[in-house]
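I would like the entire structure built from these sequences, with the hints used as guidance.
Sequences listed follow chains A and B, in order. First residue of the first sequence: 255, per the working numbering; consecutive thereafter. First residue of the second sequence: 17, per the working numbering; consecutive thereafter.
Just to be clear, a hint being listed does not mean it is correct.
[To be verified] Partial list, derived from the structure: chain B residues whose beta carbon lies under 8 Å from chain A:
1. F69
2. E86
3. Y87
4. G95
[Claimed, not checked] Label-pair ranges, simulated between beta-carbon atoms:
5. B:T37 x A:V269: 16 to 22 Å
6. B:V111 x A:V272: 26 to 32 Å
7. B:V38 x A:F268: 20 to 26 Å
Since the hints were derived computationally from the structure, they do not count as laboratory data. These figures come from a predicted structure and were not determined experimentally. Each residue gets a CB set at the ideal place from its N, CA and C atoms; glycine is no exception.
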Amino acid sequence: MPKKSDYLIDRRQFVGGVVGIVGAIMSAAVGLPLVGYLVSPALEKAEGQEWIPLGTASALEPGVPALFTFSQLRQVGWKRTKINYAVYAIADDTGHVTVFSDDCTHLSCKVHWEPERGAFICPCHDGVFDREGNVVAGPPPRPLDRFEAKVEDGQLMILVEA
Amino acid sequence: MAARVVAWLDERMGLLTIWNTVFDRKVPRVNWWFTLGSASLFLAVMQGATGIFLTVYYVPTPEDAYNSIEYIMNDVAFGWLVRGIHHWGASLMIVIVFLHMLRVFIYGAYKYPREVTWITGVVLLLATLGSGFTGYLLPWNQQSYWATVVGTSIVGTVPVVGDFLVRVLRAGDSLTFLTLSRFFGAHIWILPAILFSMIGVHLYLVIRNGISYVPRRDE
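Below, the structure written as structure tokens:
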């Protein structure tokens, strides 16, 4: 009969170890898929782009930003979901049109045009952009984002993710 | 190192006392039927965990309920696994809890001084059945809808107040979005709160009184 001290570990330690290892494997088998479960929607990306008509370009007054709103149907989860957007279009003297996103480049609050100040103002942290979209004051790290734009048959159109 | 961390924490929190009381308590020589309580606990925790994860995507409205579950099953990574465990675990829990009750009944383990353990066990059985009943409606498909129509109608056979109780359960005369909403609330908040607090009392009593031994032939 071998003595207890002849063994590397005793029965109790062995059982404890086996329970621990089996428990760890079971936890991992359930726990790791849960990470994928939670991040799943973040892995879906917009796959294409589409031209969206904003309105007639001739209504634009040179040098004065005009607000255009549009909505887009996007597949979100199990639903085609309406998402609303607002953009600012500004024409220069030659008739070339630039279209700005109204997302502040700081933390994505919505900027609005204030005619009396001649600037785009973000109300959240006092970000100020000029009519070219350049940062004049405040925390925004870069100019306002621009959309690719074109005028077709008098219609102003921009290219957005679909 | 680990021993020193444990010693540091134990000095301040008395963890070893809790550990020894819960896991190193004396138990009589028993058989495998005595593992059904632990199995019930494991399933309850499993249902709680998978249920919490299901609420991340499930939407309890007539428009979205069915589609959100289809989304979980077909589009969310491992959604089939999480809902599969919750779905099959629910049926398994009913079976295991019932067998656990049967074991206690047949061995006479509900007798003095364990009557209160039995009574909290009855509450746990009802909370488990209630969870099964309310959870069954949540997919909002034909099967769950008509099962709930029938199930709530049975309550209507109660004398005098039956009709009123049906209206309380359904939040009105018929099954609507309000029924779905209150079944969801009961399923994820009210019943789990009852279930897990009662599990706490139940476990305390099991540890406080110890488990009963297998009755001898001459008893």
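- Message: Quick check on a hinted range of 20 to 26 Å for V38 (chain B) and F268 (chain A), using CB atoms only.
- Response: Roughly 22 Å apart at Cβ, these two residues keep to the hinted range, so it holds.
- Query: If you take the shortest Cβ to Cβ gap from E86 (chain B) to chain A, is it below 8 Å?
  - Reply: The hint holds - E86 (chain B) has a Cβ within 8 Å of chain A, the shortest such distance being about 7 Å.
- If you take the shortest Cβ to Cβ gap from G95 (chain B) to chain A, is it below 8 Å? holds (6 Å)
- Item | chain A contact restraint for F69 (chain B) - C-beta distance below 8 Å | holds (6 Å)
- Using the Cβ atoms, figure out if V111 (chain B) sits within 26 to 32 Å of V272 (chain A). Holds, since V111 (chain B) and V272 (chain A) (Cβ atoms, about 27 Å apart) stay within the stated range.
- Message: Just to be sure I understand the hint, the distance between the Cβ atoms of T37 (chain B) and V269 (chain A) should be within 16 to 22 Å; is that true here?
- Response: holds (20 Å)
- Item | Hint check, Y87 (chain B) versus chain A [nearest Cβ-Cβ separation less than 8 Å] | holds (4 Å)
In summary, the structure agrees with every hint in the numbered list given earlier.
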